[in-house]
Amino acid sequence: MNDPILIDFLLAAGLVLLAGFSLRVVDLFTGVVTFIIFGLIMSVAWVRLQAPDLALAEAAIGSGITGALFLGAIRRLEESTPGSTTRPEYYSPVQRELYVVGVAGMSLALYLLGSALVPPLLEGPAGLAEPVSEAVGTAGARNPVTAIILNMRGYDTMLELVVLLLAWSGVCVLQGDLGRTNILPATGELAVLGAFVRFLRHPGILMAGYLIWVGGDEPGGAFQAGAMLGGVGALGLMAGGPTRPLYSGPGVRPVLIAGVAAFLLAGLSSIGTGGMFLEYRGEHAKALLLVIEIFSTLSIGLVLTLLFAACTFAPDPGRGAPARGGHS
Amino acid sequence: MPPWIVIVKYLLLIIALFFFTAGTLGVLRFPDLYSRLHALTKCDNLGLGFVVAAIAIDAADGWLAVKLILLWFLALASSATACYLVARSGLRAGRDPWEKKA
Amino acid sequence: MTTAGLYLATGLAVFVLGAVGLFWHSNLIRRALALNFMATGVFLFLVALGRRSTIPFADPVPHALVLTGIVVAVSTTALLLVLICRFHETAENKSADATEDEKGRTETAGDRE
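Chains as they are written, first to last, in this note's numbering: chain A, 1 to 328; chain B, 1001 to 1102; chain C, 2001 to 2113.
In short, the hints are calculated from the structure, not lab data. Fair warning: this is a prediction, and the values are worked out from it, not measured in the lab. Beta carbons: idealized from backbone N, C-alpha and C, even for Gly. Don't take every hint at face value.
[As the list claims (entries may be wrong)] Partial list, computed: chain B residues near chain A (C-beta under 10 Å):
hint	residue
1	TRP1004
2	LYS1067
3	LEU1070
4	TRP1072
5	LEU1074
6	SER1078
7	ALA1080
8	THR1081
9	ALA1082
10	LEU1085
11	ARG1088
12	GLY1090
Please build the complete structure, drawing on both the sequences and the hints.
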């Protein structure tokens, strides 16, 4: 086990300071921007922990998409209910002391618990790392993370796509409608962002495809590629792209379920060839995984775009937010 | 690897560090939003460019170098757009550019 | 101190900051932000645990686990944010926000004097 070098200490200190600052700063907007910076530093920390797949995912999803969701929600609340988010918080001296006591007490408790539980874990058995590295050869992907996600734990990933769909269904129940078509007036001033989106469209799709393709052997895969598509979609919405076709267009529902459908069909086909459900082995494994990844990427990209749209745009009052009991 | 490549690589990295330091100093010390943005784009455009050049001449194959340079162009385009948007929203929020007091 | 130990402690600290922030703040968006910090702290802890001394490379199993976790976190955050927005936008809470806003302003004015 190697010793930490200077950059590890800098990263650790930076992460803790940014987390504390982000939650304590008076201005919420500053807090969210600090959260985005925290995510970027975090992705460097993932590289230091030899987890490049996570570095990509953190930069794209953890800080990028999540940050956009928060900024969109703040903007929406500032417009629809002035005062709900912009209001600064006031705390009495007692409350401030309680905060310090809380942080110190919880840190101490968790430290004591951790110092009893963690050292045996850190020197404990190798767990599943060895079996995984042996099985990777026949799993259709040489990147062990991709092999685990798509093949060895295919159930988890399929159900994760279901979780994304569930989140979107929940949003539909709450909101009913994506509301008006753009965040900023589509005047000439927005032309720069529009031109940027038009420029980024094709390289963005190309990069998503590249991430899927290299994901088999190197860091990358469906989630990173889907986040790429989601990012391009969110930028398009910010540039004044219409939300209505996204919400009720004819192709939307098929693309939404494409990922889960690809998982199910590929899983059934593996039963047909004598394996178990969602178990892929041998020479067809790589092709099957690639098909699953392509369709999952499309689903993930669309759901992330839709979630961004839902956080950012309040529903049109005229076009029916869901009725909330009674006629008050 | 011939030694001159290593020397050129470190030279490029030192130049990149210079631009990053200058840009960071500018962000910390300049008086208003617009001049800070001006300083910040130095890091993205020149600093990152020199970092990319340093890694590209050391790259194992030509494709990696091409990918790195493409990456730099994407970063250039996005930083230009982001800079424009930040400046525009600053102007809209009524922040006047700084002027030297007479 | 090993690298794994350093990042374990960092993950723990970020988790604690998030957990205390979750209960301490009354602003709902800040609470959502705090939840995200808690999640990141747990992720960091898990991946740092994956660098055990008994295996020569980083354990890919927690990486896959955390990758799943990051995507679940973003979808729950989105649902949470829409829920918060709808909460503030319902008519009753809108008026409550307006009164609170007035109160906040008078308090600010009082603080300044």
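Now for the hints, and whether the structure bears them out:
Using the Cβ-Cβ criterion of 10 Å, the hint placing TRP1004(B) at the interface with chain A is not satisfied: the shortest such distance is roughly 28 Å. The beta carbon of LYS1067(B) is positioned within 10 Å of a beta carbon in chain A (closest approach about 9 Å), and the interface hint is therefore held. Interface restraint check: LEU1070(B) against chain A, minimum CB-CB distance 8 Å, threshold 10 Å, status holds. A cut of 10 Å between beta carbons decides the hint on TRP1072(B): the least distance to chain A is about 13 Å, and the hint is violated.
A least Cβ separation of about 7 Å between LEU1074(B) and chain A falls short of the 10 Å threshold, and the interface hint therefore holds. Nearest Cβ of chain A to the Cβ of SER1078(B): about 7 Å, under the 10 Å cut. The hint holds. Because the smallest distance between the Cβ of ALA1080(B) and any Cβ of chain A comes to about 8 Å, under 10 Å, the interface hint for this residue holds. The interface hint given for THR1081(B) holds, since its Cβ lies 4 Å from the closest Cβ of chain A, which is under the 10 Å cut-off.
For ALA1082(B), the interface hint holds, the least distance from its beta-carbon to any beta-carbon of chain A being 9 Å, beneath 10 Å. With 10 Å as the threshold, the beta carbon of LEU1085(B) comes within range of chain A, its nearest partner Cβ sitting at about 6 Å, so the hint holds. With a least beta-carbon distance of about 6 Å to chain A, the hint placing ARG1088(B) at the interface is held under the 10 Å criterion. At its closest, the beta carbon of GLY1090(B) sits 13 Å from a beta carbon of chain A; the interface hint therefore is violated under the 10 Å criterion.
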